[in-house]
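Protein chains: 2
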Amino acid sequence: MVEYFSFELQAEDGNARAGVFYTPHGPIQTPVFAPVGTQATVKGLTPEQLISLNAQLLLANTYHLFLRPGDKLIADLGGLHQFMNWQKPILTDSGGFQVFSLGEINKITDDGVTFQSHIDGSYHTLTPEKSIQIQENLGADIIMCFDECPNPYDREYNEQALARTHQWASRCKDAKTRQDQALFGIVQGGVFSDLRIQSAQYISDLDFPGNAIGGLSVGEKKTEMLEILNLVQEYLPSDRPRYLMGVGTPLDIVQGVARGIDIFDCVNPTRLARHKTAITRTGRINITKKIYEKDLSPLVESCCCYACQNYSKAYIRHLVRADEMLGSILLSIHNLHVLIDLSATLRVAITEGSFQTFLRDFLSESEENGVP
Amino acid sequence: MVEYFSFELQAEDGNARAGVFYTPHGPIQTPVFAPVGTQATVKGLTPEQLISLNAQLLLANTYHLFLRPGDKLIADLGGLHQFMNWQKPILTDSGGFQVFSLGEINKITDDGVTFQSHIDGSYHTLTPEKSIQIQENLGADIIMCFDECPNPYDREYNEQALARTHQWASRCKDAKTRQDQALFGIVQGGVFSDLRIQSAQYISDLDFPGNAIGGLSVGEKKTEMLEILNLVQEYLPSDRPRYLMGVGTPLDIVQGVARGIDIFDCVNPTRLARHKTAITRTGRINITKKIYEKDLSPLVESCCCYACQNYSKAYIRHLVRADEMLGSILLSIHNLHVLIDLSATLRVAITEGSFQTFLRDFLSESEENGVP
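These protein sequence lines are chains A and B, in that order. Using this note's numbering, the letters of the first sequence map in sequence onto residues 621 to 992. Using this note's numbering, the letters of the second sequence map in sequence onto residues 621 to 992.
The reader is advised that the hints may include incorrect statements.
No distinction is drawn between identical chains; accordingly, a pair holds when it is met within one copy or between any pair of copies.
To be verified - Derived lysine-lysine pairs resembling BS3-like cross-links, with alpha carbons at most 25 Å apart:
1) LYS909 to LYS692
2) LYS692 to LYS910
3) LYS896 to LYS910
4) LYS914 to LYS750
5) LYS692 to LYS793
6) LYS914 to LYS708
7) LYS750 to LYS796
8) LYS692 to LYS914
9) LYS896 to LYS692
10) LYS896 to LYS914
No lab work stands behind these hints, which were simulated from the structure alone.
Turn these sequences into a full structure, and let the hints steer you where they fit.
Right, here's the structure in full:
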């Protein structure tokens, strides 16, 4: 019998790792990409469709579910897994990112954040303790520390915010009561190397079963993100999973894995789908283009996803132009497949010791295709 | 080997019939309810989900597909079945109903109808010959005569329109070239018994492999619809399927079957789903109501559809309130199940000789529930 929230490192290739993270709702094989189900549903897809995609882990948003339908309601109904009919692992974020990006901020103090709901303007306060309480009501397998995610370039503000984020991480740890949830810490610090190192050390010392890197892919340069990943990985314990929050693109995932990241999530695959865009490993397809009008080929030749196995570009283009739900459903299936399948491919490459070759080929192909 | 478009009558109970209609894409067991896939997709559902629902026949709209993406395009891409990945039978309407209800009519003559597209205002002309040409390009198993569907209460106009509809039916028959499609005639005549009888006789004489009754459920009283069905069935050949176009509700289906109808279609189940409404055999549920906030029961106890087997009213209410696609998808699955399952139940009842009992119980339950 394995212990919950233990991380079994199965193979390494350079800094890239293949592992298994054990949760009460089953093991997660890493590297893993988690589809985002903001409001307790991955937009347009059934759980069965997600299982067909080999999705292992879903992310749901604390901020959204707290405001609607309410975390207490979900707890009364048996928790998020039962509510949304998803029996595999779930991760909830802390609500921090959305409070700072969606809510109308009323006041930030060392205690917490008062904000107005983006839905009805009502006032709410999130504190570390409140965030944990909500996440315990939701009942995900992995829950996150409440953190602040400031403008990555504002040195002075990042120093203050980081002090708060660290204090909040300790308070989250103290507030947590459920034993069947793993609380992950979050490293912040903007684009500043010394702050990031300081943060990684502080968060590591709190001995969480997993650690995340937040505040990236929020407007900084790609090279800055990669430098921070290079730095931070050395300070985060190698026997715990590392989660790069809100990232990414296929290139981000490959480069993140090369820097010791195990878990990724991003709204991009489903959001781009709703914006009529298919992704490929090294590019994007705007499916509304006239050139696809009579194109009987799938979105991506050789892709084994449900959308590519059964539908032509011409049909998907028609659906998208006619504003039909099935258009964004098929694009979501394809886009999620690209990232989930890429993660599985990386895992195999790491296990077989061919990751460095894969990385080199992938980077050169991305460069040829002009991927930034 | 059965002949295509033969109708095998397997059981009768009063005027209700159970049969099989053979098409190039497989047999259709009647009574049958056909989900509507207006733009070559049943809104939000994959073909696999429709097959799970035991959908046997889909309806697609000639008017919509003619305007976008264009029938020639669909023909070039291998026809509607291949385009939309649906290998079971398809029925296309003639475009008549939509021209008269959606398009901005420019001119109606004995030759045809000139109208403006509801999408971009462009001008088009539909004639019987053009409608058949489009439907041959689309390639459905069952195609329909081009007809006019006027205000059911305008006697003088109905006389003129009926003369046109009859002339158009003959022209459609002459225009048809494909042997792998069955062309159905359409009985019109508003609420006027003599016109309806005249029309049923005229259409029957044209010896179509199936006959439809159009221009009902367009604003007339329920009692008027039922009287017309009572009348018309006697004049339509009993060895051909009878199709009641654009109908209906569970009650309409039961009452239609009792009057010798074999085929039904209606946008209601998917349209109501998008309007936050679940249907039951004898009523409706507005799922947004506060009373369902914590309701862990399925939409309908004892319902074996995917939505009811896996989700609570509380979850579906949350999805609908949060404007999530999965809300209307689950409601569509449930609503279509109600009608498809009802049709299958009627078939069993007819076969077992218990239809009259079922009918009596159904009507009394509907009356108790105040179904109009």
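Hint compliance check: list the failing hint numbers for this structure, sorted ascending. none
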